[in-house]
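Going line by line, the protein sequences match chains A and B. Numbered according to the working numbering, the first sequence spans residues 180 to 538. Numbered according to the working numbering, the second sequence spans residues 35 to 698.
Calculated directly from the structure, the hints in this document are not laboratory data. Incorrect hints may appear among the rest.
[Claimed, not checked] Chain B side only, calculated, beta carbon under 7 Å to chain A, not exhaustive:
no.: 1; residue: P277
no.: 2; residue: E279
no.: 3; residue: G358
no.: 4; residue: S364
no.: 5; residue: P538
no.: 6; residue: D593
no.: 7; residue: F634
no.: 8; residue: S637
no.: 9; residue: K681
Predicted model only: the values in this text are computed from it and were never measured. Even glycine gets a Cβ: it sits at the ideal position worked out from N, Cα and C.
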Amino acid sequence: MKRTLIVFCAFLYSCNPDDNTQPEQPYGKGVIVVNEGNFTDNNGTLSFLPTGSPALSYDIFLKENTRSLTGGVSGYGEVNGKGIILVDNSGAGQDKIEIVDAGTFKSEATIPSAEIENPREVVKVSNTKAYVTAWDATGNWPDTYINPGYIAVLDLTTNKLTKKIPVQHGAQSIVVSGNEAFVGNIYSGRTVISVVDITTDAVKQTIEAGANPQVIGVDANNKLWVYAGGALKKINPSSKAIESTVKLNPASAGQSPGKFVLSHDKKTLYFTLSAYDENWNEVGQVYSTSVDATTINATTPLIRKVFYGMAADPETGNLYGGLAPSFKQAGYVFRYQPNGTLIDSIKAEIAPAKFFFRR
Amino acid sequence: MTGRSTADSLRETIYYFQRLKAGGLSGIIGLLSLGSLVCLPYSLFAQKELTLCEVEVKGVRPERFMTGQKIRDVDSTDLARNRFSTLADFLQFQTPVAFKSYGAGQLATISFRGTSAGHTALLWNGVNINFPSLGQTDFSTIPLTGFDEMTIQYGSAASCVGTDAVGGSIQLRSLPDFKTEGLQLIAALRAETSENFSGQGGLRFHHPLAGSRKLSGKTLLYGSSIRNNFGTEPITRKGKTLPVEPVHTRQAGAVQDLYYMNPKGDLLSLNLWFSDNDLAVQPDVIMLREITRTRAYRGSLSYQWGKTLLRTAYIRDITDYGKGENLNPSHTQVDRYILRAEHDLSWIHDCNKGTNLKLGAETVYFNALVDGYGKARKTETRLDLYALLRHQFSARLSTSLNLRQALVSGYNPPFTPSVGLEYTLVKNNRNRILLPVSLARSYRVPTLNERYWEVLGNPDIQPETGFNKEAGLVWQHKFSEITQTRAGLTVFHNLIDNWTYWNPEKNYRVENLQQVLSKGLELETSVQSRIEKTRLTVQAQYTLTHASQQKEYGAYTQDIIGKQLVYVPRHAVSSTFSATRKALSVDIQQQFNSRRYVTFDHSGQPYMPFYLMNLRLGYEKRVHKRILNTALQVNNVTDVLYPNQKKNAMPMRSVALSILIGNF
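Given the sequences, and given the hints that come with them, work out the whole structure.
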């Protein structure tokens with residue numbers, strides 16, 4: 180459940196000029212819910228929640244293509260009217276990237292397993308190009324991240340991978356700012372953020388940030404937020420300098436922060452604090468803080484729940500929380516106003532982990 | 035293979051240690067009518083109808099004390115016919131059990147009457163051989179050649195030592211052959227178009243010694259290389275597409291049995307069984323490769339001394355799991371040292387009236403070295419005490435009362451009694467109608483993983499307990515001297531409490547969360563006949579199972595209560611048909627499973643119903659004592675596409691040719 184999530188990348192697609200929804204197309208404005216599925220069941224799905232309606236469409240890839248995704252789903256992104264689905268099967272050598280028409284969800288191409296292993300996140304870098312972070316093949320736990328991670332460069336004009344950019348082990352979170360992509364990693368213990376030049380598709384430098392840096396996003400003050408080495412840090416994307424460390428005082432000792440999400444106006448940071456009680460129940464809450472804060476005192480929770488995944492709607496600012504009661508039954512999507520007032524909850528599919536907002 | 039975050043990695047680890055640790059009416063009707071059309075079985079379902087006088091001689095088999103329970107014996111002929119099958123392959127066509135398979139040549143676990151993989155006791159010569167860290171067996175690693183006889187016991191009143199026998203138990207026995215004198219040799223080879231190859235070779239001997247003493251033994255070596263190569267591209271049938279997972283499984287094993295019988299009939303038995311199963315997923319790409327190697331060393335030395343049995347046994351189970359170059363596999367090694375003593379008492383009035391009592395004790399010392407338990411070696415001693423009492427009032431009525439108490443270091447599982455009754459309602463020249471009834475408490479000692487796994491295990495976890503009730507009606511009918519039928523109906527109701535669950539809500543900590551009720555009915559029929567010179571045997575069974583979670587244990591469990599458990603088909607039908615005329619034989623195996631759910635709340639895509647058919651044509655030539663047997667077998671004749679647990683394609687149609695030569 181402690182799955183690190185970077186949902187901020189969703190914001191980066193929100194201004195896609197080619198997203199003029201065709202009214203006759205089945206999937207227009209709304210939210211794509213990424214249901215991760217259960218490990219080894221390989222039953223990840225995407226569901227579609229149209230704007231202004233709680234009527235969620237289940238497993239839309241199966242519906243439109245009469246075949247399942249046959250894997251967990253680790254990410255979804257869009258570039259120029261194309262949807263990019265990251266499929267992460269529990270078996271080695273069975274991962275893939277499905278490229279669909281974003282309006283109809285009909286399959287257009289498949290990047291086969293021979294070319295991608297353990298894709299983790301996808302981000303748009305231009306109108307023809309997306310970056311996919313990947314771990315490559317993994318080893319025995321606890322030495323999971325035996326191979327260097329990479330960024331697979333996906334050309335959406337040809338629907339082919341054109342290059343693999345080697346980065347640190349366990350590459351996962353990615354945020355694009357200007358002409359650069361900042362790449363973090365999970366649990367491999369690596370301490371650098373790789374900075375990739377999106378015009379040359381090459382690593383230009385690294386930033387020493389602390390263990391397992393998770394890049395969160397760029398705030399309204401043009402600072403890159405990072406959670407690394409157990410601390411929140413603000414990096415100047417131009418100078419690459421860590422300008423400040425934000426102290427986070429949890430409501431009670433032993434709580435771990437997670438699920439960092441920037442608000443639609445990028446002036447607020449949402450996060451969860453959670454801990455396991457004496458009966459091993461995960462107990463936690465969602466908090467919010469201004470991005471101007473130098474110290475965060477988590478005192479009054481915004482929402483008294485922990486989520487498997489969280490995201491903010493870039494248009495309304497509403498907060499989406501994906502709740503996974505177990506990996507063997509459908510989860511729920513809880514929607515809140517920015518002030519934490521519950522709007523509704525909708526039954527989704529297995530482990531709703533990420534959200535992609537379409538205009 | 036995805037590692038993911040810590041929780042996911044743990045999940046993965048648990049999975050792998052757990053693994054070492056879910057219609058169409060016309061299909062059912064079709065299968066059933068096939069069974070009743072050709073209509074007939076023989077002693078297929080026959081319970082041993084020995085009189086008390088016959089069983090008086092030596093120790094009485096534990097199954098004799100399971101009065102009122104459904105028992106199915108599989109004899110050596112049946113096993114020999116399926117000598118290249120694994121226990122998983124065999125049982126799915128012969129019994130209403132369901133299997134969870136992770137792919138051909140990969141992990142296959144059993145679900146007996148809707149229960150989970152740890153709820154079936156697998157006993158080899160009376161010793162529970164479930165892998166103790168997981169409490170279950172991979173049935174794909176047990177070849178039918180490893181033993182000589184099998185008994186399938188339905189329900190909870192399992193055996194002497196009762197742990198794991200919640201849904202049922204399967205007894206594998208090694209037996210001496212004191213009938214045929216001399217040396218018999220056998221060699222067999224099998225090749226299948228899907229690049230599966232198997233070979234077996236061995237001998238059996240019986241050497242009478244001076245003074246009515248007898249020496250007998252068996253040596254068997256077997257091996258196979260299983261690729262199940264159906265290409266690398268996803269397979270599409272009838273609009274459904276499933277990917278193919280490249281796998282290479284290598285199995286090897288050796289069986290050595292030695293028996294010595296003295297003039298008084300006392301029997302000394304030495305049984306050794308070594309098996310090695312090496313599974314590689316993605317075998318040809320080192321970076322992606324995933325290896326699971328399991329080895330089992332099993333040895334048992336028994337002395338049946340009059341009515342006293344003394345047995346000592348040793349079992350070592352090793353599992354190595356690794357990825358990539360597998361330089362540092364995670365290692366599990368559990369040794370078990372077993373001592374058993376039992377004694378039979380009997381008070382026989384006449385051949386139809388009398389009492390048998392079996393008193394016994396077994397102690398097992400466990401020594402576990404498992405990476406997941408930390409550096410410390412875990413040891414544990416268990417003691418099982420049992421008293422099995424059978425009283426036969428008359429030729430019509432027999433009853434039993436069995437008492438079992440297990441003592442485990444740390445805490446004790448519950449006292450588990452069982453009672454059974456069998457009443458013969460009708461008995462004449464043509465008909466026999468039996469009414470069996472059984473009530474049994476059952477338990478499962480938590481597995482070593484459930485207790486000792488670092489962080490996620492729970493030393494305070496409680497044993498699971500079950501209460502199984504079943505009743506049946508069996509009708510045997512003799513149409514003529516050559517045509518006999520048997521039909522049976524059994525209803526069962528099994529409530530299992532403290533069902534353990536690796537709870538994802540608590541980061542996969544194991545808990546006694548669930549209460550499961552499994553209930554249903556089983557119908558079976560068998561016919562045995564002869565039409566001119568053709569011998570016919572047909573058996574078919576249908577099972578209706580409803581197994582569901584009963585108790586709320588979390589905020590979202592209302593979504594799953596009362597719903598059929600994952601992977602348990604509501605309807606299951608299987609049948610076998612066999613016809614033999616002189617040297618030629620035809621065998622047909624069929625199986626139908628209704629839809630199986632993958633999620634507890636039935637959301638998402640279930641596994642659709644599937645139907646499987648295997649066909650075998652055999653030719654057997656005997657010259658003097660020499661035998662040549664060839665067989666052509668078509669597996670999955672109708673080329674049905676159906677998924678395994680990982681949502682990959684199971685084997686499609688393949689053709690196998692086998693040849694056997696011997697002198698028996």
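Hint check results:
| no. | hint | verdict |
| --- | --- | --- |
| 1 | P277 | holds (5 Å) |
| 2 | E279 | holds (5 Å) |
| 3 | G358 | holds (5 Å) |
| 4 | S364 | holds (6 Å) |
| 5 | P538 | holds (5 Å) |
| 6 | D593 | holds (6 Å) |
| 7 | F634 | holds (5 Å) |
| 8 | S637 | holds (4 Å) |
| 9 | K681 | holds (4 Å) |
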